[in-house]
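Q: Here is how the chains run, residue by residue.
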Amino acid sequence: MIELSHFSAAVLFAVFASVVFGITQRNTSREMIRYGLYCFAMFVGGVIVAGWVMWILRR
Amino acid sequence: MANSPTKTVEPPKSRNATAAPAPLTAMSVVVPALAWFIPGAGHLIQKRWIRGVLLMVSVLAMFILGLAMQGHVYKPNGGDILDILGFVGDVGAGGLYILARANDWGQAAIAHATADYGTKYLIVAGLLNFIAVADAYHIAIGKKP
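Residue numbers (the numbering used here), protein chains in the order written: chain R, 1 to 59; chain B, 1001 to 1145.
Calculated directly from the structure, the hints in this document are not laboratory data.
Think of the CB as a built atom: it goes at the ideal place given N, C-alpha and C, for glycine as much as any other residue.
One or more hints might be untrue.
To be verified - If you anchor each label on the Cβ, the simulated ranges turn out as follows:
| # | chain 1 | residue 1 | chain 2 | residue 2 | range |
| --- | --- | --- | --- | --- | --- |
| 1 | B | Asn1103 | R | Leu37 | 17 to 27 Å |
| 2 | B | Thr1025 | R | Gly45 | 20 to 30 Å |
| 3 | B | Gly1079 | R | Glu31 | 25 to 35 Å |
| 4 | B | Gln1107 | R | Glu3 | 11 to 21 Å |
| 5 | R | Val49 | B | Val1057 | 27 to 37 Å |
| 6 | B | Ala1061 | R | Val49 | 34 to 44 Å |
| 7 | B | Ala1102 | R | Leu37 | 19 to 29 Å |
| 8 | R | Phe7 | B | Ala1026 | 38 to 48 Å |
| 9 | R | Val11 | B | Ile1050 | 43 to 53 Å |
| 10 | B | Val1053 | R | Met1 | 38 to 48 Å |
| 11 | B | Ala1033 | R | Tyr38 | 42 to 52 Å |
| 12 | R | Trp55 | B | Leu1024 | 33 to 43 Å |
| 13 | R | Met54 | B | Leu1024 | 25 to 35 Å |
| 14 | B | Lys1143 | R | His6 | 31 to 41 Å |
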């Protein structure tokens, strides 16, 4: 059994989902890589923003 | 006026006229079934080696990590809507789901936060495989390179 932190679980999730999104949603290799990186940045950026929003709401 | 230009108005094209139905070939039937049963295999059988391997690794890793985090594997059910949707997501993993059910994996009670992550990993692995199946089908019918 493995116990990941919330952040590492979210980053791993972002990696795998971005790979699949990149491959399936674009037609050329270059576009796939660009879109995959874009999705990864959005996933991780969203996690960080959501984290700060929750921190602000908690105060 | 006698010298006014006459315009010919073309009737609007219906959607059926522009989008021809995909031809029913053996590959268009075999590929989605194989892609569902073995994640990534739909691309591999069409010689998209790198894409197939990446899809296989991604779905397989998410499913294994989900099980390793003691995520819950949903059974067919007619109860709560979230449980039904959980089953729909899980079953997308195809052979992995069948293997998990056959070995009774993912049936332990959820006792900590990461187990809930594991449940989501399992569901998303199946949903991502559904997207991969659709992509493999589009390649099979020539809609995507």
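Q: If a hint holds in the structure, say so; if it doesn't, say that too.
A: Hint check:
1. Taken as a hint, the range 17 to 27 Å is violated for the pair B:Asn1103 and R:Leu37, whose Cβ atoms sit roughly 37 Å apart.
2. Our hint of 20 to 30 Å for B:Thr1025 and R:Gly45 is violated, since their Cβ atoms are close to 42 Å apart.
3. At about 42 Å, the beta-carbon gap between B:Gly1079 and R:Glu31 misses the expected band of 25 to 35 Å.
4. Under the hint 11 to 21 Å, the C-beta atoms of B:Gln1107 and R:Glu3, about 19 Å apart, fit the expected range.
5. The hint said 27 to 37 Å for the Cβ distance between R:Val49 and B:Val1057, and at roughly 29 Å that hint holds.
6. Judged by the Cβ atoms, the range 34 to 44 Å given for B:Ala1061 and R:Val49 is violated: they are separated by roughly 26 Å.
7. A beta carbon spacing of about 38 Å between B:Ala1102 and R:Leu37 contradicts the range 19 to 29 Å that was offered as a hint.
8. Here the CB-CB span from R:Phe7 to B:Ala1026 is close to 46 Å, well matched to the stated 38 to 48 Å.
9. Between R:Val11 and B:Ile1050, the C-beta spacing of about 23 Å breaks the proposed range 43 to 53 Å.
10. As the Cβ distance of B:Val1053 to R:Met1 is approximately 27 Å, the hint placing it in 38 to 48 Å is violated.
11. Range check, B:Ala1033 to R:Tyr38: about 32 Å between beta-carbon atoms, so the 42 to 52 Å window is missed.
12. Our hint of 33 to 43 Å for R:Trp55 and B:Leu1024 is violated, since their Cβ atoms are close to 55 Å apart.
13. Between R:Met54 and B:Leu1024 the beta carbon distance is about 51 Å. The supplied range of 25 to 35 Å is therefore violated.
14. Judged by the Cβ atoms, the range 31 to 41 Å given for B:Lys1143 and R:His6 holds: they are separated by roughly 39 Å.
Of the hints listed earlier, those the structure fails to meet are numbers 1, 2, 3, 6, 7, 9, 10, 11, 12, 13, in rising order.
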